[in-house]
Amino acid sequence: MRLAIASGKGGTGKTLLAVNLAWSAPRPVDLLDCDVEEPNCHLFFKGQVVRREPVTKPVPTLVPGRCTACGLCARICQFKAVAFFGKEPLLFADLCHGCGGCSWVCPVNALMERGEEIGEVEVREAPRQRLIQGRLRVGQAQSPPLIRAVKRRADPDRLAVVDGPPGADCSLGAAIADCDLVLLVAEPTNFGMYDLELALSTVHRLGVPCAVIVNRAGRGRLDVRAACARHGVEVLAEIPESEEIARAVARGRIALESVPSLQPIFAKIWSDVLSRTRDGRSERRVLHHADV
Amino acid sequence: MKVLLSTTGRELDSPLDPRFGRAELFAVVETESRRFEIVENAAARAALQGAGIQAAELAARLGVAAVITGHCGPKAFAALQAAGIQVVVGARGTVAQALEDFLAGRLRPATGADVQGHWA
Numbered sequence: 000m001r002l003a004i005a006s007g008k009g010g011t012g013k014t015l016l017a018v019n020l021a022w023s024a025p026r027p028v029d030l031l032d033c034d035v036e037e038p039n040c041h042l043f044f045k046g047q048v049v050r051r052e053p054v055t056k057p058v059p060t061l062v063p064g065r066c067t068a069c070g071l072c073a074r075i076c077q078f079k080a081v082a083f084f085g086k087e088p089l090l091f092a093d094l095c096h097g098c099g100g101c102s103w104v105c106p107v108n109a110l111m112e113r114g115e116e117i118g119e120v121e122v123r124e125a126p127r128q129r130l131i132q133g134r135l136r137v138g139q140a141q142s143p144p145l146i147r148a149v150k151r152r153a154d155p156d157r158l159a160v161v162d163g164p165p166g167a168d169c170s171l172g173a174a175i176a177d178c179d180l181v182l183l184v185a186e187p188t189n190f191g192m193y194d195l196e197l198a199l200s201t202v203h204r205l206g207v208p209c210a211v212i213v214n215r216a217g218r219g220r221l222d223v224r225a226a227c228a229r230h231g232v233e234v235l236a237e238i239p240e241s242e243e244i245a246r247a248v249a250r251g252r253i254a255l256e257s258v259p260s261l262q263p264i265f266a267k268i269w270s271d272v273l274s275r276t277r278d279g280r281s282e283r284r285v286l287h288h289a290d291v
Numbered sequence: 000m001k002v003l004l005s006t007t008g009r010e011l012d013s014p015l016d017p018r019f020g021r022a023e024l025f026a027v028v029e030t031e032s033r034r035f036e037i038v039e040n041a042a043a044r045a046a047l048q049g050a051g052i053q054a055a056e057l058a059a060r061l062g063v064a065a066v067i068t069g070h071c072g073p074k075a076f077a078a079l080q081a082a083g084i085q086v087v088v089g090a091r092g093t094v095a096q097a098l099e100d101f102l103a104g105r106l107r108p109a110t111g112a113d114v115q116g117h118w119a
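If you read the protein sequences in the order shown, they are chains A and B. For the record, in the first sequence the residue sitting at position 292 is 291 according to numbering that gives the first Met the number 0, with numbers rising by one throughout. For the record, in the second sequence the residue sitting at position 16 is 15 according to numbering that gives the first Met the number 0, with numbers rising by one throughout.
Treat the hints as calculated values from the structure; they're not laboratory data. Small disclaimer: the values here were computed from a predicted structure and weren't measured. All C-beta atoms, glycine included, are put in the ideal place defined by N, C-alpha and C. Some hints here could point you the wrong way.
[Unchecked claim] Distance ranges between label pairs, derived from CB positions:
no., chain 1, residue 1, chain 2, residue 2, range
1, A, 200, B, 0, 21 to 29 Å
2, A, 200, B, 91, 43 to 51 Å
3, A, 251, B, 83, 57 to 65 Å
4, B, 33, A, 65, 43 to 51 Å
5, B, 73, A, 156, 24 to 32 Å
6, A, 75, B, 110, 26 to 34 Å
7, A, 51, B, 37, 26 to 34 Å
8, B, 9, A, 65, 42 to 50 Å
9, B, 110, A, 50, 24 to 32 Å
10, B, 60, A, 111, 42 to 50 Å
11, A, 240, B, 39, 48 to 56 Å
12, A, 65, B, 83, 18 to 26 Å
13, A, 65, B, 39, 31 to 39 Å
14, B, 91, A, 222, 49 to 57 Å
Take the sequences, apply the hints, and build the full model.
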């Protein structure tokens with residue numbers, strides 16, 4: 000069973016929820032830090048680094064002497080990573096999303112793929128938890144290939160908690176694509192609600208079941224429950240606004256250890272999550288993206 | 000000769016746009032007759048990335064011999080070069096002034112990009 004944590008707005012408490020859910024998981028768990036532009040789950044994770052590997056994305060390269068200047072490669076590229084001005088194609092690797100379309104349409108195999116390093120995956124082990132974390136290289140703009148690389152390293156037979164990226168774009172899509180359930184963390188502020196609605200529209204379009212967790216409940220006067228009801232999304236739990244929690248997080252501690260009153264809230268989240276995903280055994284959708 | 004100038008308005012006395020890829024409009028001028036048409040650079044402006052490349056594709060479709068603008072980044076320069084289009088940077092003032100500067104030889108073709116990408 001794969002559970003994703005997302006939010007739309009940054010700083011709403013995705014990592015707080017993800018690391019505490021991993022810490023309180025009923026079975027051994029893989030925690031997948033897919034916020035690869037700024038991964039931070041390791042700050043709350045006690046285990047040691049056991050592995051570090053580079054991750055590449057496939058980018059096109061021209062085989063000399065083969066191109067017949069048909070231009071099909073540039074026509075299929077949606078990101079201008081391949082441009083065509085009547086002669087050989089012009090390649091811009093940093094714009095490439097690694098989909099493989101250009102080399103696939105080339106009728107004469109003039110484009111081969113080579114791996115360009117975009118970041119690394121780091122694995123840390125603790126007794127009942129494993130943290131698999133992606134870190135995008137500074138200057139790289141496309142995180143989905145790295146997010147997919149993190150997810151491929153998870154054990155398919157284990158529980159997995161995905162700490163997703165902020166925003167409602169391709170990175171969110173890559174993080175939640177094959178998950179059984181998405182928990183959207185919302186804070187009861189105007190900014191929080193606005194971004195929650197953006198994230199909801201993306202999650203709905205991708206067809207992944209979702210529910211909402213309100214964080215910092217009691218702050219502000221916005222009625223998150225009423226707003227979620229309008230969107231047909233259930234609020235599973237509320238984490239109260241609390242200086243104690245903030246203090247624990249600021250010190251890199253697991254909030255559940257420092258603030259025991261949170262334990263029933265997380266126990267309820269886990270029982271709701273497992274019941275919604277047929278006790279964690281639901282089938283996973285297949286990723287539609289090209290495997291890197 | 001047909002040349003393209005990046006511009007902010009629809010007249011020859013409109014101020015030049017110093018950006019190429021993200022310019023709103025292109026003035027395409029026939030230098031002998033001074034006849035011109037205004038072309039929208041809408042697709043490139045809407046692009047998340049690769050605006051310069053897309054603008055260069057438009058320039059190539061328009062069949063211009065030179066692009067006259069304020070600055071040109073590395074991807075746009077590579078694309079314009081591949082399309083066989085001269086790149087002239089350092090233009091300022093109105094479209095008409097930039098055109099006169101170019102025709103009088105006060106602006107010379109660039110040999111490379113003069114700014115990084117996303118400079119503006």
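Okay, the hints, checked on the actual structure:
1. At roughly 50 Å, the beta carbons of residue 200/A and residue 0/B sit outside the given window of 21 to 29 Å.
2. Distance hint check for residue 200/A and residue 91/B: the Cβ-Cβ separation is about 44 Å, which falls inside the suggested range of 43 to 51 Å.
3. Judged by the Cβ atoms, the range 57 to 65 Å given for residue 251/A and residue 83/B holds: they are separated by roughly 58 Å.
4. A C-beta distance of roughly 45 Å is found between residue 33/B and residue 65/A, which places it inside the suggested range of 43 to 51 Å.
5. With their beta carbons about 48 Å apart, residue 73/B and residue 156/A fall outside the hinted range of 24 to 32 Å.
6. Hint check: residue 75/A to residue 110/B, Cβ distance near 32 Å, so the stated range 26 to 34 Å holds.
7. Judged by the Cβ atoms, the range 26 to 34 Å given for residue 51/A and residue 37/B is violated: they are separated by roughly 55 Å.
8. Judged by the Cβ atoms, the range 42 to 50 Å given for residue 9/B and residue 65/A holds: they are separated by roughly 45 Å.
9. Restraint check, residue 110/B to residue 50/A: a C-beta distance of roughly 47 Å breaks the suggested window 24 to 32 Å.
10. At roughly 29 Å, the beta carbons of residue 60/B and residue 111/A sit outside the given window of 42 to 50 Å.
11. Distance hint check for residue 240/A and residue 39/B: the Cβ-Cβ separation is about 49 Å, which falls inside the suggested range of 48 to 56 Å.
12. In this structure, residue 65/A and residue 83/B meet the distance hint of 18 to 26 Å, their C-beta atoms being roughly 22 Å apart.
13. Take residue 65/A and residue 39/B: their Cβ atoms lie about 37 Å apart, and the range 31 to 39 Å holds.
14. As the Cβ distance of residue 91/B to residue 222/A is approximately 55 Å, the hint placing it in 49 to 57 Å holds.
Violated hints for the displayed structure, listed by number in ascending order: 1, 5, 7, 9 and 10.
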